[in-house]
Amino acid sequence: MFASARLRLTLAAPVVLVATACSDTRPTAPEQPLPRGANIGALPTAAGAQILDADDVGVGAEHFHWLPPIEAATVSGAFDGALNPSIRICRLPNTGCTTPLVQFTRTSSPAIVVNATAQSYSVSWSTKPSNITLGDYRAEVWIATRRLGFADVRVVASAKDLKNVPSGFAGVQTGKAIDLPFRLEQGIIASVSVTPVNPGIDSAYTQQLTATVRDFRGDPISPEVPVTWASVSPAIATVTSTGLVKGITLGKTIITATAAAGIAGIDTVEVVRPAIAQIVVNPSGAEVAVGDTTRVWATAFDSRGGILPRQVTYSSSNTAVATVSQTGLVTGVAVGAVTISATAEGITGSTDVAVTPPSVVPVARVDVSPPFVQLQVGGTTPLTVTTYDANNNILVERPVTWTTSDEAVATVAPNGVVTATGPGYQRIIATSAEGPIDSAFVEVTGATVPCVRPLALPALWFMAGIPGSMAFAKYAAVFGEVPPATNSGVYYPIRLDPFAPSSADYRDNLMNCPAVGLTLGAATQIQTGNQVGTTVEALDTLFARDPNATWDPAANGGQGGVVNSTAPAGTESGRVIQVALFETSDNPGFGLSSIRFRRSAYVFIDSYVRATVDESGAKAGDIVFRFVRFGQ
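So the sequence shown is residues 1 to 632, counted in my numbering.
Where hints are given, some of them may not hold.
Said to hold, decoys possible - Capping the alpha-carbon separation at 25 Å, the derived lysine-lysine pairs in BS3-like fashion look like this:
(1) K163 - K128
(2) K176 - K128
(3) K160 - K176
(4) K128 - K160
(5) K163 - K176
The hints are simulated quantities; they were obtained by calculation from the structure and are not laboratory data.
Please work from the sequences and hints to get the whole structure.
Rendered as structure tokens:
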């Protein structure tokens, strides 16, 4: 065996060979030595002044060693004398030695021979041929297409010149021969193969790849040689350090497994859309009554049982018995049995559905459409109603009862057709036999109200129309935002034409309501009448007409009403006045030049606060209104 210590020959003392001639010719200076740690497969082929084998850690090929007199070696593996290496001799600088000056093989003359005793290969290279002149040469050791290492040799003119051969070269005198001995051990990496070959990977799963590193006999190398895994396109598929590939998106990528020697195996992996293996339609054994509906749903699975998001096409085996929509809604048509199928990508699943005689399924929900309509007086519009069971299945031909909360605004026919009879807001209600209800709001505009007081209140205060509901309004010399927590809103004090803008006219209009036409829904000019003094005078007069009247929530059978009134029998308290109601969405701010009234209401003036002065010096006061009823 060879010495275990690492010994480098000092090539200033080259192989002792007898020179056949003398010459003062000097070769050009060699190129820089190869860098340590570089992969031999990636080395510049023109580099010189280097002897490279397995002892050059991180650079040389494993299990290949030059032997003395080229180099002393540190060996540890088992000698392999059954390989077929070659030696190529090229002039430096070379271009990869694709066309060597001479090449030695196991069958060339001279041939590379195996010395079993010395556990080496060797060949004698003679420099006698005419194409071998003075200069620098490289001897490269190859097996098949893999270069294992090389030694640089300088051919000099005389024995004297051998003493001047620089470090990194073996020297030989021209016309002489130099022995090129080397050692090959078991475990030289020849190839890396990856299995399975060209797999298709479902994008929802992973695929384990295996790399096998083989020697030049074609046998797997033991112990296993580690490899480094990489994906050329990680956006398509990634690979872990153990070779587990995961599909990311559809497409192809190359996965490489690189051994320590820089030799790689490649595999083309295609990430494919998972194929449907089975479609299951649920529920199994469903039933639906004639005229009713039920829903089925389909789930696609791959071969591993994973759920696939796929669009399916539904069909019925007999549409005279039951139909099915493309959302899986099955409608019973006639008593019988039917098969409902779901198909996608050539795969079909199905379930049987029994259609039973019509049955009464309770109505759980009622939907009226449209939810809001707007009509002129005398106009009509149809409302539609849809009934549902507790599972949100549509129930057909289920009767409902249509009612109106105020026929003075709108009436409704048994078929849901609404007729506008007077201005205002109105709920049209549809009630099923089982109790669930829904409603739509109807707004009727365009009628003329003959007389309203010059006080405009927001309609939303009285939207519910509950008698006795309270609204706190403010009157002031200057209008602005409502102080927080003091009032629920404001009103617009207006003076309706044709009265002149005098305090007396404003006060008279507020007390007595002279006949002034007001078209609901149309823009009405705002004419300032918010003088504090005249407003208070008018309120004083109104209260003087019926000073003891109060609102009693228990009156009229709990509906509420005015009690202790001094008004004659059959007449209304003088403190009940008619005012115009406007939509805040139509009048988003204050100080507008016009206003739109949607309906009118009768209100009872419950109380008022005489004018006060706030911090800004503006006079202001509060009025409390109670809703009595809607008016024309």
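Taking the hints in turn, this is what the structure says about them:
1. K163 - K128: 21 Å, holds
2. K176 - K128: Measuring from Cα to Cα gives roughly 7 Å; hence the hint holds.
3. K160 - K176: 14 Å, holds
4. K128 - K160: 19 Å, holds
5. K163 - K176: Distance of about 16 Å is within 25 Å: holds.
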